[in-house]
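Student: We have chain P already, so just place chain F on it with the hints.
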Amino acid sequence: MDFHQILLLGSIVVPLLSAVFILFFFLNDSCRAKQIAYFAFGFPCAAGIFLFVNTDPYLTGYSFELLYERMGLQSLGITFHLGLNGVSSPLFAMAGIVGLSACIAAINSEAKRLPLYLALLAFMQSGLMGLFASVDIFFYYLFHEFALIPTFLMIGLWGGRDRRSIALEITIYLTLGALISLGGLVALNVLLDAPKFDFPSLTESLLTDGLKVGTQQKIFGLLLFGFGILVALFPFHTWAPRGYETAPTSVSMLHAGVLKKFGLYGLVQLALPLLPAGGITWGPYLMWLALGNILVVGAITVAQNNLKSMIGNGSVMHMGYCFLGLAVCSSLGASAAVMLMCAHGLSVSLMFLLANYINKRSGTLEMNEMGGLASQTPILACFFAAATFATIGLPGFGNFWGEFAIFLSLGEYADNRLVLGLAALGIIISAIFGLRAMARIFYGSKSDELLSFEKENKILDLNIKEIIPASLILLPLLFIGLWPKGISEGIDVNISSRYQIFDKGDGNLGLPSCCPVSVIEDSLPESSIQKSALEEEEK
Amino acid sequence: MVQVALSLLLLPLLSAGITLLFLRKYGNIAALLSVASAGGILAFSSFLIFGKDSDQIFSWSTTWFQLSDWELSFGFLVDSPAKTLLFVVSFVGLLIHIFSLGYMADDKAKARYFGGLSIFMFSMLGITLSDNLVMIFVFWELVGFSSYLLIAHYFSTDEAANASKKAFIVNRVGDFGFLLGIIITYWTYGTVNLQELSVTANLDPSLTSTMLCLLLACGFIGKSAQFPLHVWLPDAMAGPTPVSALIHAATMVAAGIFLLIRIEFLFTVEALKLIGLAGSVMGLYAGFCALTQRDIKKVLAYSTLSQLGYMAAAFGLGLPGIALFHLMTHAFFKALMFLGSGSVIHACHHEQDIFNFGGLRKKMPVTAYTFLIGVLAISGVHFLSGYFSKDAILLGAYNLDFVIFSILYLGAILTSIYMFRLYFLTFCGETRSKSSENAVESSVFMTAPLIVLAVLAVFGGFHSLYPAQIVEYLLPDISRVAEMPHHLWMNILGLFAWVGGLLFAWKIYGSDTQSKDPLELKAPSLFQLSTSKLFFDEVYLFYVNRIQDPFFRFLEVMELLFISGLMVRGSAGVAALFALLGKSFYSGKIHHYSFWFVLGTLGFLAYAILGGGIS
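As given, the protein sequences belong to chains P and F, one line each in that order. Each residue of the first sequence is one higher than the last, beginning at 1 in our numbering. Each residue of the second sequence is one higher than the last, beginning at 1 in our numbering.
Misleading hints may appear alongside valid ones.
Said to hold, decoys possible - Computed cross-link-like contacts, EDC-like style, restricted to lysine to aspartate or glutamate with a CA-CA straight-line distance of at most 16 Å:
#1 F:K25 <-> P:D461
#2 P:K485 <-> F:D69
#3 P:K446 <-> F:D158
#4 P:K446 <-> F:E159
Said to hold, decoys possible - The following label-pair restraints were derived from C-beta to C-beta distances:
#5 F:R546 <-> P:E449: 21 to 31 Å
#6 F:G565 <-> P:L460: 25 to 35 Å
#7 P:A187 <-> F:Q195: 47 to 57 Å
#8 P:L67 <-> F:F554: 50 to 60 Å
If you are wondering where the hints come from, they were derived from the structure by calculation, not from laboratory data. For each residue, glycine too, the CB sits at the ideal point set by N, CA and C.
If we strip away everything but chain P, and leave its shape as in the complex, we get (with noise of 0.2 Å):
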């Protein structure tokens, strides 16, 4: 194992190692269990970003991998598989940024049982890195699954208010979705009957013996639907506001920011190349799903009041451009829609992470509670307007480089014109409300709620802190906003080796008209086509 494997590793082990310290030697000692969590939370953190600078971006394949193959399941196809790739690695870092941040958050919130709930929450960061390290399809599930059920526990506890309803509503949301991706998966597994449960092993056996077009649809609309359960997609998306609403800080942050993209990695990594028919079939109607969350879920993001559900229904909002970008079925919507998700899960992270500290001044998330606190909190105001911004998509910030280059991958065809035309509205959408709440929050005149709370408290800017985790977040999603060559890289490469099935496609079999390309005769391998062609022959 050499050095970049061990981190690869301990970014896993490690947070779940100080978990399990903490629950059984600490948890009483608070002061012991915040050093732990900071180790916790720093090592992965470090670690992710070493490993993606790290990271070959030439390389299609995996770098650092790690294989145990006797894990006692290795009959069913099951190691424990770890590496990185282009799409994998930037993610892996994003989970470790975001991760630190929120633990600095719960350090900071003063949370009674704090000892457990970092406990919980090393879980759930264990969890995160877990699943974007996985080249084991199964332990990609599994970590899921471990970063998911903390979660239900921390809203439970320490949620706010209806915290025992939503977390239960979660719960039972969340756990059908995964079921239902989880037999999409198995199905995937038994039809396909590769040697390996992994991303690579299952790419080639497709290669060698593709599914049936009918086979494909059938397991891609499963995928879809419990990804997209996931992922909040409209319909299935009222878990999402209300669930990030009651969570606390750290666990709305880690969970919009990073647990949500799971569904997103799955469909880009899984779904997407194994079943490229399904994919076309499905499309037309993914797109229009999407629209649902751009355009409805948007409106209904500017009638919020309460910051928390804006912010909440305002990352559903900006799924749906994920969401196109896959629905566009190229290598081009798609690594724009990888763009898109790192940026998303770190500006979305910051808008949870403001609110609590917005929430700390003013003793509300009602915005019509607030307003004019510029003038004392110049700082705070200066990182929401950044987070602001980056959430609607300004350049400079990671997020516009996903949304133009999903609204790009969307002009190809014009067919898609229509979609494009209806998707750029939300850029007036998201404008209205980043900046509908930036001026109740921050301009104008104190509301007289806001005064009465000054009176018995003192209204004062961000410290050292507060700013640190704020910053940390802030910094990439700059770096990916100025230069986004940086990460583009390894995502294209990745992406387009393993895209070039829609890339290629030629002629429209009678597809729906959204869909640029038929994969039906390219997605049946050659050998396949020739044997069947010697069978009749035969005959």
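Tutor: Relative to the frame of chain P, chain F by itself:
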């Protein structure tokens, strides 16, 4: 050259960054830093304009963003129109920076202000130097952002809070079309690089379509505040006055015209015609609105709208060189007047109502006379800068399209009326309020830029005075107009326009010193129509408050009802119903169980006998 262009672009960004990180509390240092960076910009851009090989087009690019087959470069294109704008931006920019030293001297948030100015300079220079449409779009949005930041300078007033929001959102509406235009351009021509585009467009004219031109022109409509997105500019006057001069008069709003000039080769005849017509109507409409404004800055704002309309009309007539010429002279005299109004506002302690001014000529002579030069220049008085550019537009219109000409000519008369009205009410007659009574001439930081701009407003129309590099793009169109017939006739008409406006304004506003607008008494219906601004704001407000927001709330309720309620809760309810049904079997009483057991057995037997017994 690359290093020069890069440092030109990065200098203001660096200044803004340092201000943001370290100088938030040190306003004076931040101000000096920002002015120094503006000076550096002027130096670098002169080098770029006049340096060696300056007679050639300079272009350079490197890959910035690459996905699949799409490759975007970060590159510079310094050709003749870019040089003209570069000169205007860096020169006027420096003057306004210096003016700000005086105007913002007592402001508490000086650092934020000067940081914002630097970000603006960065983004504006970016638009000027960009070599492709996407890069223009990037900086396009960034100027919008810096404009937002600076309009919101006095953020604790509701006016500034709303105006900044409105400016950005309305601009976003324009950018929406622009973005679609860029994307469709890419998929039509296979490139977004300006030079490659011009080659492709010339090779295959069949690719252009009016639809695409109009989409791209949306960017111009938003940024240059043209019909129907003009509503943000008058409100944007809530920002500090030097900002209005720099961003909302001289440079940013003119960037729309610059964009059109950059992609001029894409335009079809129909699109040009439409832009020309819309521009001329804007020229007339904004002039009409300016007639009755009471706020000194709003008069100037509507005047800017009107002059931007002239530029658009010139572009629509197929005279982009003249449009750029007018952009340049307009930048001089409008910046002059805005700064003059800033000097007045500063002296009168932020009083902006022109009916509360009066008699300021004796108290602030430098401001008054330089302002007068601006007024004369914009009205088209012979041989001042505005005369050359505006009469070139009028003459071109007269020969090319009579409809546009007649609208523009009416606009020219209105221009002279509202401008002289503004001058008479502000600087002549008796003082009408306490604040103007105590006014004194502003400091040298403010008067020196005024004098420099006044000199340019007088002589800026003589294109032969400029170095060849700056006016290279203007010359072909200027000589084309110079060769057109009816020069004498146009001179007479032009004379009639400004003298007529002067006399009309003198008759109504020259001697009167009341606080009520005399026009209101003489022509009440006309006055009402002009103050209503044809109800654009009301219609938009009605749409936002009565249609958009209620509809969005309705959607929220629908979501709650149907998705959260019916779908989620409903399915949970169905499941719970089954659970309830199932639970009722578990009563815990033995005779219930035995009853169900017997019933089950009987049922099973019946099935076995009736269904399976036959075989």
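Student: Does each hint fit the structure? Answer for all of them.
Tutor: Against the structure, the hints come out as follows:
Distance hint between K25 of chain F and D461 of chain P is fulfilled; the C-alpha atoms sit about 14 Å from each other, no more than 16 Å. In summary, the hint linking K485 of chain P to D69 of chain F is supported, as the alpha carbons are separated by about 14 Å, within the 16 Å threshold. Using a Cα cut-off of 16 Å, the hinted pair K446 of chain P and D158 of chain F holds, with the two alpha carbons roughly 11 Å apart. About 14 Å separates the Cα atoms of K446 of chain P and E159 of chain F, which keeps this hinted pair within 16 Å; it holds.
Distance hint check: the CB atoms of R546 of chain F and E449 of chain P are about 27 Å apart, consistent with the given range 21 to 31 Å. The given range of 25 to 35 Å is broken by G565 of chain F and L460 of chain P, whose C-beta atoms sit roughly 42 Å from each other. The hinted range of 47 to 57 Å is satisfied by A187 of chain P and Q195 of chain F, whose Cβ atoms lie roughly 53 Å apart. Taken as a hint, the range 50 to 60 Å holds for the pair L67 of chain P and F554 of chain F, whose Cβ atoms sit roughly 55 Å apart.
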